[in-house]
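K.L.:
Sequence:
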Amino acid sequence: MVSLLKVLGIILAVVAALYFIGISGLTYIGGFWNLFTGETGSTAGDKVAPSPPTLNPISTYTKSGVINLSGFAEPAAEITLYVNEVEKAKTISEAGGGTFSFSNVALTTQGKNVITATAKDRAGNVSRSSAELSVTFDKKPPELEITAPKNGQAFSGEDKKQIHVEGKTEAGATVEVNESLAPVLAGGTFKSTITAKDGDNKITVVATDKAGNEKKIELSVTYSP
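full-length UniProt numbering puts the sequence shown at residues 1 to 225.
Worth double-checking, as some hints may not be accurate.
[What the hints assert, rightly or not] Restricting the straight-line Cα-Cα distance to at most 27 Å, the calculated cross-link-like pairs of lysine-lysine (DSS-like) are:
#, residue 1, residue 2
1, Lys202, Lys191
2, Lys216, Lys191
3, Lys168, Lys88
4, Lys210, Lys88
5, Lys150, Lys112
6, Lys140, Lys112
7, Lys139, Lys168
8, Lys150, Lys216
9, Lys140, Lys90
10, Lys215, Lys197
[Said to hold, decoys possible] Here are the in silico distance ranges between beta carbons for each label pair:
#, residue 1, residue 2, range
11, Asn84, Ser180, 49 to 57 Å
12, Thr109, Glu214, 47 to 55 Å
13, Glu218, Ala95, 55 to 63 Å
No wet-lab data here; the hints were simulated from the structure. The C-beta atom is built at its ideal place from N, Cα and C for all residues, glycine as well.
Make the full structure from the sequences, and use the hints.
P.N.:
Below, the structure written as structure tokens:
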């Protein structure tokens, strides 16, 4: 009987509270309690770190000192970007899909740059670092040497009409001879053939490395039947 009276008393107290302060008043009280206890919204009690961000692939070589990056992570997370372990920028991933982007990120050194990112959720939990992206910053033109023919060399006779252009560049570069692609061997040597016309013949050789840097050499030869 006593227990029943206690229950009825609690019910009457709740009804009285609703009558005097209303539902909105209880909401304010609840909000004050959350503020007092440090718990806010859906992040209350969240101790689980988000998954690491995913950085989208980029070109592994560049001749520019700045690059653009993008990726995805937990929605509405704070993304921190690092280049060679140096913090470079922060942004917030989109609340809808979690995508994010960084523009004009400065690379810290010529040569290899290692890029990573972390995500921090609204509860303050920080993820592990993302998988590394590696980009090589190279603004030096490739080496280029023409070993044949010599500039100003003269050729004569029908059997000399096919002129072999030979030389060497850095490994991995591409070579064009008079705008035609020439095969480059593993060691950087290349060879191409042009058909001479009567008189002066201009030969233009352009080597382009993986970063897009170019080196050009021009020479001319003469041919007579």
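K.L.:
Now look at each hint and say whether the structure bears it out.
P.N.:
Each hint, compared with the structure:
1. Under the criterion of a C-alpha separation no larger than 27 Å, the hint pairing lysine 202 with lysine 191 is consistent with the structure, at around 17 Å.
2. Under the criterion of a C-alpha separation no larger than 27 Å, the hint pairing lysine 216 with lysine 191 is consistent with the structure, at around 16 Å.
3. Of the pairs offered as hints, the one joining lysine 168 and lysine 88 is violated, with about 39 Å between alpha carbons and a cut-off of 27 Å exceeded.
4. Proximity of lysine 210 to lysine 88 is assessed by CA-CA distance (about 25 Å); at most 27 Å being required, the pair is judged to hold.
5. Only pairs whose Cα atoms come within 27 Å are accepted, and lysine 150 paired with lysine 112 is rejected, the gap being roughly 37 Å.
6. Between lysine 140 and lysine 112 the CA atoms are separated by roughly 14 Å; this keeps the pair inside 27 Å, and the hint holds.
7. A distance of roughly 19 Å separates the Cα atoms of lysine 139 and lysine 168; the hinted pair therefore holds under the 27 Å criterion.
8. With a C-alpha separation of about 15 Å, the suggested pair lysine 150 and lysine 216 falls inside the 27 Å cut-off, and the hint holds.
9. Straight-line distance between C-alpha atoms of lysine 140 and lysine 90 comes to about 31 Å, which puts the hinted pair past the 27 Å bound.
10. The straight-line distance between the Cα atoms of lysine 215 and lysine 197 is roughly 26 Å, inside the 27 Å bound, and the hint therefore holds.
11. At roughly 40 Å, the beta-carbon separation of asparagine 84 and serine 180 lies outside the given 49 to 57 Å, and the hint is violated.
12. Distance hint check: the CB atoms of threonine 109 and glutamate 214 are about 23 Å apart, inconsistent with the given range 47 to 55 Å.
13. Distance hint check for glutamate 218 and alanine 95: the Cβ-Cβ separation is about 56 Å, which falls inside the suggested range of 55 to 63 Å.
In terms of the numbered hints stated before, the structure departs from hints 3, 5, 9, 11, 12, listed from lowest to highest.
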